[in-house]
Amino acid sequence: MASQSNMQFRDDPTAEDSRHGHFMKEALLMGEKAIELKETPVGCVLVYDDQIVGWGMNDTNRFMNGTKHAEFIAIAQMLQNYPRSALQSTDLYVTAEPCVMCASALKQYRIRNVYFGAANDRFGGTGGVLSLHSDSSIDPKYPVYGGLFEKEAIMLLRRFYIQENEKAPNPRPKKNRELNSRTSQMSPLPGTGQSLPTRGPTRYNRVGNSKPRSLGV
Amino acid sequence: MDIEKVIRDLHPLGGQVLPIRTVQETRPVEEFADALVAEVNVKAASKVIKALDSAFPKDPNLPLSHLRRFAKREMLPQPLREAIEAQNAPAAPGQTLFVLLSPPLPDVEKLKAILTPFAPTPAPTTPTDTAADGAAEESPVPTIHLHPVKVPLYPPFNTTQAETWTKTLWPVVFNPAAPRSFVAPPPQTLARAQESIEPHAGYYLSLAQRVAQEAEQSGLGRSVGAVIVDPAIASELAPEDNDQTTWDEAVLAVAGDARYSRPEGGAPSQAQQHPYIAPNPASKTYNADLEGGPELHALMRAVELIARWRRENDREGPSDTPESARLSPLESHFLYRHSPVPVPLSPSSLKRKHEDHVSESDIVPASNDLHTPLPAPPSVDHAAPAPATPRIRTRAQGGYLCTDLDVYLSHEPCVCCSMGLLLSRFRAVVFPRGGRLESGGLASEPVVGPVAEDGTEASSGEHERGYYGLHWRKELNWRALGFEFVEDVDVEGDGAVFHA
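For the protein sequence lines, the chains are F and Y, in the order given. So for the first sequence, the UniProt record's numbering puts the first residue at 1; every next one is plus one. So for the second sequence, the UniProt record's numbering puts the first residue at 1; every next one is plus one.
Heads up, a few of these hints could be off.
Among the chain F residues that face chain Y by a calculated CB cut under 10 angstroms, a handful are [what the hints assert, rightly or not]: (1) I52; (2) M78; (3) P83; (4) A86; (5) C102; (6) S104; (7) Y109; (8) R110; (9) N113; (10) G128; (11) S137; (12) P143.
Bear in mind the hints are in silico, worked out from the structure with no lab data behind them. Beta carbons: idealized from backbone N, C-alpha and C, even for Gly.
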């Protein structure tokens, strides 16, 4: 399902002006806000009845809580004004693929559709690592569409990962890192200024606090 | 409620702690991939490696160190050896080796070009071979033949598997000390954690069940409880303490489920709609619209309490969040009994701290007011004359999320909470097997039930559930150690359907 719809978006040159493009740009703006606040730049919006009813950005550092992902923040905001049942008619636009935690939460909340930018092969829950949206469970499945404004979402994350996470116990020095501004989608062909064709989702390192892999034991 | 008495009256669950196997252990993936084998001159072995490694850099995500790079002819599995001998010109015995070209496979022509300089010199034709007289005078051109093989992508779990592969596919090394490429926790790590968990697990789980009971009786949530323990503190508790009066010293926070506590869209919460009715009527069925959300589940709330405590003590960050604003008596007792107030402290400073806390609770929106239970009453023993050292490490003390902590749950957490505990960096998670849920995210295999007379397995009568084994997935960025507590007495799950 996801790959089919990827094609729809990728082949649609007017995506930028489309309804989906409009809402995804709002999500990207939330990501920009996150990067200003030194949070992992993942942003999202919830759209109900063509209106944005919830805005969210990753807020784990400020809350000192690793579960404060953008999706939860946006849902909490929406539920101040809408009953939970409204989520069944609500679409999520998020710059990065929802993680396993959020993918399950969205299922429990019975989200209608999920549109995301960059795939997440470290802990993506809608195709990256697990495919919770299409697994059978006590809640219904939901459709997911990936690759929407993918390069913008990836650049947002890359800009973040060349920074240090001051909140981590042992921040890793990243002074010498340089921003890699190339993605498989963006690499200009010499002399033409045109883009190479898309070759599937580009992978990035991880969403979350940048701390080395550890057992914690 | 006399909290101290409630705690003292708890009876530990009796039973044993068992590691939850990883999904790779319960469903070992035997993934194989195509590889190639080429015969090369034995003297060129090191040059071959150099040439291959520089031409085709290894993929660090595909560690194939369990595959031997070279094999002597006599080490080759029989079928491969026969296939090779049918094709290759016979080389002088002992003069050649077979090199493995492991996946991902590069271009065959490029491979041949790289390897040709190291091709074995064919054995000179014997003088008695008269048929090919003229042609045999010229020495044949050394050529590289590539033979297809299948190789296992993951290291063997044991020697038997290694031997089987060695005999049928390609020589494989079994290294019991090597991290099993993240498919399972290192045995020593697992054993150490299990040892540290065993002495008090029955108590912490009993407390988790008591917290669950409190949540249910308040009408605010389902009967699910979570207890966060610092194993470093637990390890200092005297294990020979027969009275077991100190086990709760290591408890940092407890939290009950509160899914019915949140008003949504301006409407009163489920708890407010059914005041003084417990358990909440919404808990009789699973109606998604009445289930609050996973952030109101016990584990997520416990994690948020630790975070909230740190925020309050670091005096930065948001001071409170509505979903955790109100604490039950047990929650308040454990979270605030050991505040890191600088010593020496005066009773008045302690008192002021209380008031701070209460006023913070009071600033939550009025719509969040609940009929029951009462807002977190700071416990009295908070002002005890000899304040213990802070239990929860502050940010300044290196406290970061739930790193190095263990969480004990009355039920198997849902998929969302299971990932939440990984994102919170817990060391370990423990729940009673009787608390398994169809919607759970940790179990990795069905419980093998007692075999009935007719030989069919006693079925729990449940539908298919996912066995995600999320505590330890090699694909995920974070991992925790997972344990089930198997009680001595048979505890049947009640087959309830909801997310814990």
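Cross-check of the supplied hints:
Because the beta carbon of I52 (chain F) sits about 16 angstroms from the nearest beta carbon in chain Y, more than 10 angstroms, this interface hint is broken. Annotation: M78 (chain F) was flagged as interfacial toward chain Y, and the flag holds, the nearest CB pair being 9 angstroms apart, inside 10 angstroms. The beta carbon of P83 (chain F) is positioned within 10 angstroms of a beta carbon in chain Y (closest approach about 4 angstroms), and the interface hint is therefore held. Checking A86 (chain F) against chain Y: minimum C-beta separation of about 7 angstroms stays under 10 angstroms; hint holds.
A distance limit of 10 angstroms between C-beta atoms decides the matter here; for C102 (chain F) the minimum to chain Y is near 8 angstroms, and the interface restraint holds. Evaluation of the S104 (chain F) hint against chain Y yields a held restraint, the C-beta minimum of about 4 angstroms falling below 10 angstroms. Hint status for Y109 (chain F): holds, given a least beta-carbon distance of 6 angstroms to chain Y, under 10 angstroms. For the restraint placing R110 (chain F) at the interface with chain Y, the shortest Cβ-Cβ distance is roughly 6 angstroms, inside the 10 angstroms limit, so the hint holds.
Among the interface hints, the one on N113 (chain F) is violated; its C-beta lies about 17 angstroms from the nearest C-beta in chain Y, farther than the 10 angstroms criterion. For G128 (chain F), the interface hint holds, since its Cβ comes within 10 angstroms of a Cβ in chain Y; the closest pair sits about 9 angstroms apart. The beta carbon of S137 (chain F) is positioned within 10 angstroms of a beta carbon in chain Y (closest approach about 6 angstroms), and the interface hint is therefore held. Among the interface hints, the one on P143 (chain F) is violated; its C-beta lies about 18 angstroms from the nearest C-beta in chain Y, farther than the 10 angstroms criterion.
The structure does not agree with the numbered hints 1, 9, 12 stated previously, though it agrees with the rest.
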